[in-house]
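Colleague: Residue numbers (full-length UniProt numbering), protein chains in the order written: chain A, 1 to 209; chain B, 1 to 209.
Honestly, the hints are just simulated from the structure, not real lab data.
There may be inaccurate statements among the hints.
It does not matter which identical chain is used: a pair holds within one copy or between any two.
Unchecked claim - Here are the computed lysine-lysine pairs in the DSS-like style, where the Cα-Cα straight-line distance is at most 25 Å: (1) 38 <-> 136; (2) 175 <-> 90; (3) 175 <-> 191; (4) 207 <-> 195; (5) 175 <-> 127; (6) 2 <-> 90; (7) 136 <-> 2; (8) 90 <-> 136; (9) 6 <-> 127.
Protein chains: 2
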Amino acid sequence: MKSFSKENLLQGDASFRRDFVNALSGYKSLNLIGTISKANETNLAPFSQVFHIGASPPLVGVLFRPHTVERHTLQNILDTAEFTLNHVAKSFYEKAHQTAARYEVSEFEAVGLEVLNRPECTAPFVKISPLQIACKLISSQTLDVNDTVLIIASIEHVWVVDGGLREDGSLDLEKMETVTVNGLDEYYIGKRLGKLSYPKPGKEVEKLL
Amino acid sequence: MKSFSKENLLQGDASFRRDFVNALSGYKSLNLIGTISKANETNLAPFSQVFHIGASPPLVGVLFRPHTVERHTLQNILDTAEFTLNHVAKSFYEKAHQTAARYEVSEFEAVGLEVLNRPECTAPFVKISPLQIACKLISSQTLDVNDTVLIIASIEHVWVVDGGLREDGSLDLEKMETVTVNGLDEYYIGKRLGKLSYPKPGKEVEKLL
Chain A
1 MKSFSKENLL QGDASFRRDF VNALSGYKSL NLIGTISKAN ETNLAPFSQV FHIGASPPLV
61 GVLFRPHTVE RHTLQNILDT AEFTLNHVAK SFYEKAHQTA ARYEVSEFEA VGLEVLNRPE
121 CTAPFVKISP LQIACKLISS QTLDVNDTVL IIASIEHVWV VDGGLREDGS LDLEKMETVT
181 VNGLDEYYIG KRLGKLSYPK PGKEVEKLL
Chain B
1 MKSFSKENLL QGDASFRRDF VNALSGYKSL NLIGTISKAN ETNLAPFSQV FHIGASPPLV
61 GVLFRPHTVE RHTLQNILDT AEFTLNHVAK SFYEKAHQTA ARYEVSEFEA VGLEVLNRPE
121 CTAPFVKISP LQIACKLISS QTLDVNDTVL IIASIEHVWV VDGGLREDGS LDLEKMETVT
181 VNGLDEYYIG KRLGKLSYPK PGKEVEKLL
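From just these sequences and the hints, can you work out the full model?
Modeller: Encoded structure:
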């Protein structure tokens, strides 16, 4: 195995370190976050730092790096308290990647992703996205350790494409062709190995799907 | 599209809600966390809530649900300030799932995953894992919103299997057969769509890999 100490990483090349450390946790979720500014300008940006916080009530967390292109998104969320999460599917992952460019105009228009407005939320949705969520800001805090900002939001409304949701509440991400990201710029779709039975001591794991 | 309001979810079936909300962010990273108790008992448990916090210095975050099977892991981290992260690969994902069962003995022994001890860390590694990380606790806080506990740790040392690391610092998760999880119990491997060039306005996205 190749081995790296913290000191090796800190003394080494910055670009190597950034790519390496970003990838260490493994596959990450990928969502486009849609927001609208106080001046009514729509904004869209890709995020790989969206995670589950709780189901009752339904809560989601988002981590924002300080001083990055994502600043518009964070500012708009703090200003309006609303945002949308939109799964990225195989059919538009390159456009989703391109929304991270520093455009002067709305990323929806710049990359050619159509806005969907819904009465349930002031922020814009990505019309083509197979899973769309309306979120409402609950709290925001800056982590002392490196000025990363942690947003916690409630899940107010969810839309999921026909066929993407199973009867038990689980999602068929393979069928929706939801995309996952590795590091900063590498995109994958999933191939299912198995949906496994609830683990109990002394009981063989069963493949349910 | 099917649509669910927060009220629909809260008034609906608890098991549906748990599976649905857990899956909403999309694919999640999957790591086995290895710890050792003050009484020298090793512990191993699967986590899908490990995320990147920063590269300089290298930092990682882990979210722990309150009152779940993962409590041993959290207690051991708070007691010893050390833990390991181990990627789960296709060859042992069923064993990884089974470590979530409530065993009286060490999960390493119970499911048949061999311990690897390394001088760099008191916590145990999963010998067969293609990517292993030694972590040191920096801080822990309880989130007011639902008593979830957020741990922040520094990445002290990383080991990656030959062939898993590219020259630029990025990881080949497909080659390592790293597994990703959807919801609570559904496992996938990734199939690469593309590694894309840095996004710039007016510049066509290029596929680098």
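Colleague: Run every hint past the structure and note whether it holds.
Modeller: Here is how each hint holds up against the structure:
1. In this assembly of identical chains, the alpha carbons of residue 38 and residue 136 lie at most 25 Å apart only when taken from the same copy (16 Å versus 42 Å across copies).
2. With identical chains, the CA atoms of residue 175 and residue 90 are at most 25 Å apart both within one copy (11 Å) and between copies (20 Å).
3. In this assembly of identical chains, the alpha carbons of residue 175 and residue 191 lie at most 25 Å apart whether taken from the same copy (10 Å) or from different copies (14 Å).
4. In this assembly of identical chains, the alpha carbons of residue 207 and residue 195 lie at most 25 Å apart only when taken from the same copy (6 Å versus 32 Å across copies).
5. Taking the closest pair of Cα atoms, residue 175 and residue 127 come within 25 Å of each other only inside a single copy of the chain (18 Å); across copies the shortest separation is 34 Å, beyond that limit.
6. Proximity of residue 2 to residue 90 under the C-alpha cut-off of 25 Å is restricted to the inter-copy arrangement: shortest distance 21 Å between copies versus 33 Å within a copy.
7. Only between protomers do residue 136 and residue 2 lie at most 25 Å apart by alpha-carbon distance; the minimum there is 20 Å, versus 44 Å within a single protomer.
8. In this assembly of identical chains, the alpha carbons of residue 90 and residue 136 never lie at most 25 Å apart, being 27 Å within a copy and 37 Å across copies at closest.
9. In this homomeric assembly, residue 6 and residue 127 come within 25 Å of each other (Cα to Cα) only across copies, at 21 Å, whereas the closest approach inside a single copy is 43 Å.
Against the hints set out earlier in the document, a violation occurs for number 8 only.
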